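Asker: Next come the chains, spelled out residue by residue.
There are 2 protein chains.
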Amino acid sequence: MDEKKLPTQEENFSDWYNQLVLRAELADYSPVRGCMVVRPYGWALWENIQKALDQRFKATGHVNAAFPLLIPQSYMTKEKEHVEGFAPELAVVTHGGGQELEEPLVIRPTSETIIGTMYARWIQSYRDLPILINQWANVVRWEMRTKLFLRTLEFYWQEGHTAHATEQEAIEETERMLNVYADFAINEAAVPVLPGQKSESEKFAGAKATYSIEAMMKDTKALQSGTSHFLGQNFANAFDIKFLDENNQLQYCWTTSFGLSTRFIGAIIMTHGDDQGLILPPNLAPYQVVIVPIYRKDEERAAVMSVVNKISDELVENGFRIKVDDRDGVTPGFKFNDWELKGVPLRIEIGPKDVEKGSLVLARRDILGKAGKSFIPMEGYLQAVGDTLRLIQENLLAKATAFRDEHIFEVSDYETFKDVVENKGWALGWWYDDAENEANIKADTRATLRVFAPAEGEGVCFYSGKKTKQRAYFARSY
Amino acid sequence: MDEKKLPTQEENFSDWYNQLVLRAELADYSPVRGCMVVRPYGWALWENIQKALDQRFKATGHVNAAFPLLIPQSYMTKEKEHVEGFAPELAVVTHGGGQELEEPLVIRPTSETIIGTMYARWIQSYRDLPILINQWANVVRWEMRTKLFLRTLEFYWQEGHTAHATEQEAIEETERMLNVYADFAINEAAVPVLPGQKSESEKFAGAKATYSIEAMMKDTKALQSGTSHFLGQNFANAFDIKFLDENNQLQYCWTTSFGLSTRFIGAIIMTHGDDQGLILPPNLAPYQVVIVPIYRKDEERAAVMSVVNKISDELVENGFRIKVDDRDGVTPGFKFNDWELKGVPLRIEIGPKDVEKGSLVLARRDILGKAGKSFIPMEGYLQAVGDTLRLIQENLLAKATAFRDEHIFEVSDYETFKDVVENKGWALGWWYDDAENEANIKADTRATLRVFAPAEGEGVCFYSGKKTKQRAYFARSY
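As given, the protein sequences belong to chains A and B, one line each in that order. Take 1 as the starting number for the first sequence in this note's numbering and just add one per residue. Take 1 as the starting number for the second sequence in this note's numbering and just add one per residue.
Check each hint, because a few of them may be wrong.
Derived lysine-lysine pairs resembling BS3-like cross-links, with alpha carbons at most 25 Å apart [said to hold, decoys possible]: (1) B:K51 - A:K323; (2) B:K58 - A:K310; (3) A:K58 - B:K323; (4) A:K51 - B:K51; (5) A:K323 - A:K335; (6) B:K323 - A:K51; (7) B:K51 - A:K58; (8) A:K335 - B:K58; (9) B:K335 - A:K58; (10) B:K335 - B:K323; (11) A:K335 - A:K357; (12) B:K58 - A:K323; (13) B:K58 - A:K51; (14) B:K335 - B:K373; (15) B:K310 - A:K58.
Part of the chain B face toward chain A, derived, beta carbon under 7 Å [stated by the list, open to error]: (16) S30; (17) N64; (18) F67; (19) P68; (20) P88; (21) V93; (22) G96; (23) G97; (24) T117; (25) M118; (26) W142.
Hints in this document: simulated from the structure, not taken from any laboratory. In this text, all values refer to a predicted model and were calculated from it rather than measured experimentally. Think of the CB as a built atom: it goes at the ideal place given N, C-alpha and C, for glycine as much as any other residue.
In isolation and in its complexed conformation, chain A is listed as follows (with noise of 0.2 Å):
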């Protein structure tokens, strides 16, 4: 660990995400432009996320496979929308094996085209359907400007894709996924996010309605944090993908698909970390509890140690993620330092008085100082580490949906509106959708419409003053 103090979140923001994400060591830069590494810290982080991901995906009926990553770059012209969202964007091979192609490939930014090229070869009739196939993946996006998790050339992500016999399953598909998101990321990462439709200029190249899981970062900014794609008919048509119904009738299926990336690690930082480094959520964190002995001299050591083996053979016993800081050389107060940056939910500190009195410290992440410590006996100590866990879980969510509440605005004005997501938040007001007003809102103020809110009855639209039956958040965003 570096000695420097980490930048406040107050003092600069974008500073202390970058200079945390590599202190850390959840990611470094690469040589090649705008790749990242990640490193072990952060990779162990994103395997805990998949987890927690394909637990669900399984529960809900998808099986995992893997599709090519080179495509010929013809199938990306197929379906008109897609292209023009993602031809800017492309990695193009044009040499392979010493010999320039006949054909470029793109390296895929998302897999819709080569799956439903497969899934058109796949699917003769009804009983093949639905499919219900994810894939863990690596795509390529040539983004000019990157930073670390939110947005690289290179980002590793889930992409689920299915087919449907009809339109009402593909769109329940869609708000299924949906919410399998929300679940995990309010259940499991404690970020609190809003789900909901993107609107018509911010959806999917290529969808007919996008959904996602909106997560308000400490400086209020949104971040989309996944996306659920309802695909109507559109890949279908384009790629051909059909089946042959009860009464032997050829239709066209009706696709979804629906992704979560590495993006979601930015999340998780910006969401609990604070000036002194990451707060993780005990449910996805690498090390849930540290265990810190502390000793002076070599008898002192001896006998502290014998306690922290047998503490941390029984944690492990009893299925929790745990780490022996006995490094040598580096201070207790610099080890708890180099763990609170790494944002380990509970630190186990371990003493010759603790083994003297049968006892030992307990401190939280998530409440620093005394008010985060306590002293408990070596006698159901487990129990302790359990709860206090999850009341680490349970208080990372509730803190961090207080702050998204305390930074949601109502406006019924466009004067206010702009106060608002200049300077205060989100903004939360009646909408009358139209995609020349939005973009005229988003060229005065940088905020966008991040997903439409529910809503009952009718209001005045905050912007254009029309009568609506829609409301929406606004916000600036990563």
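Using the hints provided, position chain B relative to the given structure of chain A.
Answerer: For chain B alone, coordinates are given in the frame of chain A:
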């Protein structure tokens, strides 16, 4: 499932393999030449392979990370032998975001160069060593002749990359990971590989020494199934991977790498499969047990399904991976053939008479027909299922080991050698190491030195007649 019969192994082993991979829905051809789609059933097998290996990597102190897909072309040229080996196989990205790149990027064929670059940044002192990182990744090698799983343009693998302070430690790591591979192959995949060192001409481009696990397929060809490389200081020199030792002297690191890929799925198919299809080892099979309910009338259906549901719940609760084939419109016989093709180790049949009698039928995939069937009472069936799966796992290993040993022949002269490698299997003999002789043998017989074999004392080389202390396996290979 296609109702045509597979070609037999005897008729055409290569056709048997290709058709089996497609019909068992392990993989499919993609529109891009030489790239495969790994279908859900194949990917589930790969996920089980990943779990078994990942556990072993973590138990030996390794952690996972992710390094970029794209590598500056110039990096590939920094290690002289490495570039000679890989230059002909590179896929090159020349354009990104609509612009020609200043320096082309290659898609990683392997990651020594990019990982070496990062290690040079991360390693300062002996305290940072060893570094033991693995990544699960896709790589691209522009192969001209491809075959599903065995040799594809894009494939999936893990690649471990380690850096050490001493030569001895690096050599120990190389051997440790070779043993990890052998342990995995033998005890999880029931593939009785022979581990050993490769000859100079067969080693990895840039390595000091390459070790591999070699498996014998049912056509007696060898399949290199995993490799572990001692890289000496070659890559440390090329990428400037240095550390300050305990005496404050700057030293070059010693590095290793090791990889096992989706090719291993080919090893499983061709070690165990028969004319009816796949036979998957219970430890890795996506489904260890398939339950086929048998009934004609509706009231039979209800009674049978109630037992099927009960035992399927119990099997899942007890950690078995199972599939209930409750498809309507196909006969039990069709289902039996289908799951035999797909290699599910154990089938449970339950019909109305079984329900009455409180019994069920177990049918082993490794022993077809009556000999592999047992009629057991419901009471204690969980124990019987577990025991039978263990027996199947053991039997697969025993059969494959016997097959391997029956097809390895000791040779002491070149005429016998030729007869063996051309008609019978693998040759094992005293070998005086000589690259030119090795090349002559390859040109003459298409057989290559697979690995050196354990040897005691001294003998006479079957080819050159020279005295030697080394023995080696030779065979034709994939």
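Asker: Compare the structure with each hint and give your call.
Answerer: Here is what the structure says about each hint:
Distance restraint check for K51 (chain B) and K323 (chain A): the Cα-Cα separation of roughly 22 Å lies within the 25 Å cut-off, and the hinted pair is therefore satisfied. For a cut-off of 25 Å, the pair hint linking K58 (chain B) to K310 (chain A) stands: about 21 Å separates their Cα positions. Distance restraint check for K58 (chain A) and K323 (chain B): the Cα-Cα separation of roughly 14 Å lies within the 25 Å cut-off, and the hinted pair is therefore satisfied. Taking the CA atoms of K51 (chain A) and K51 (chain B), the gap is near 12 Å; set against the 25 Å cutoff, the hint holds.
At roughly 12 Å between alpha-carbon atoms, K323 (chain A) and K335 (chain A) fall within 25 Å of each other, so this suggested pair holds. Our distance criterion of 25 Å between C-alpha atoms is met by K323 (chain B) and K51 (chain A), whose separation comes to about 22 Å. Of the pairs offered as hints, the one joining K51 (chain B) and K58 (chain A) holds, with about 17 Å between alpha carbons and a cut-off of 25 Å not exceeded. As the CA atoms of K335 (chain A) and K58 (chain B) are separated by approximately 24 Å, the hinted pair is consistent with the 25 Å bound.
With a C-alpha separation of about 24 Å, the suggested pair K335 (chain B) and K58 (chain A) falls inside the 25 Å cut-off, and the hint holds. A distance of roughly 12 Å separates the Cα atoms of K335 (chain B) and K323 (chain B); the hinted pair therefore holds under the 25 Å criterion. Taken as a hint, the K335 (chain A) and K357 (chain A) pair is honoured in the structure, with Cα atoms around 23 Å apart against an allowance of 25 Å. Taking the CA atoms of K58 (chain B) and K323 (chain A), the gap is near 14 Å; set against the 25 Å cutoff, the hint holds.
With a C-alpha separation of about 17 Å, the suggested pair K58 (chain B) and K51 (chain A) falls inside the 25 Å cut-off, and the hint holds. A C-alpha spacing of about 16 Å is found between K335 (chain B) and K373 (chain B), which places the hinted pair at or below 25 Å, so the restraint holds. A hinted pair counts as satisfied when its Cα atoms are at most 25 Å apart, and K310 (chain B) with K58 (chain A) qualifies at roughly 21 Å. Given hint, S30 (chain B) at the interface with chain A, holds; its Cβ is 5 Å from that chain's nearest Cβ, closer than 7 Å.
The interface hint given for N64 (chain B) holds, since its Cβ lies 5 Å from the closest Cβ of chain A, which is under the 7 Å cut-off. For F67 (chain B), the suggested interface contact is upheld, since its CB lies about 5 Å from the closest CB of chain A, less than 7 Å. Contact between P68 (chain B) and chain A, as hinted, is supported at the beta carbon level, the nearest pair being about 4 Å apart and thus within 7 Å. Nearest Cβ of chain A to the Cβ of P88 (chain B): about 6 Å, under the 7 Å cut. The hint holds.
The beta carbon of V93 (chain B) is positioned within 7 Å of a beta carbon in chain A (closest approach about 5 Å), and the interface hint is therefore held. Checking G96 (chain B) against chain A: minimum C-beta separation of about 4 Å stays under 7 Å; hint holds. About 3 Å separates the beta-carbon of G97 (chain B) from the nearest beta-carbon of chain A, less than 7 Å, and the hint is met. Contact between T117 (chain B) and chain A, as hinted, is supported at the beta carbon level, the nearest pair being about 6 Å apart and thus within 7 Å.
Hint on M118 (chain B) holds. Least Cβ distance to chain A is approximately 6 Å, under the 7 Å limit. For W142 (chain B), the interface hint holds, since its Cβ comes within 7 Å of a Cβ in chain A; the closest pair sits about 3 Å apart.
Comparing the model with each numbered hint stated earlier shows that all of them hold.
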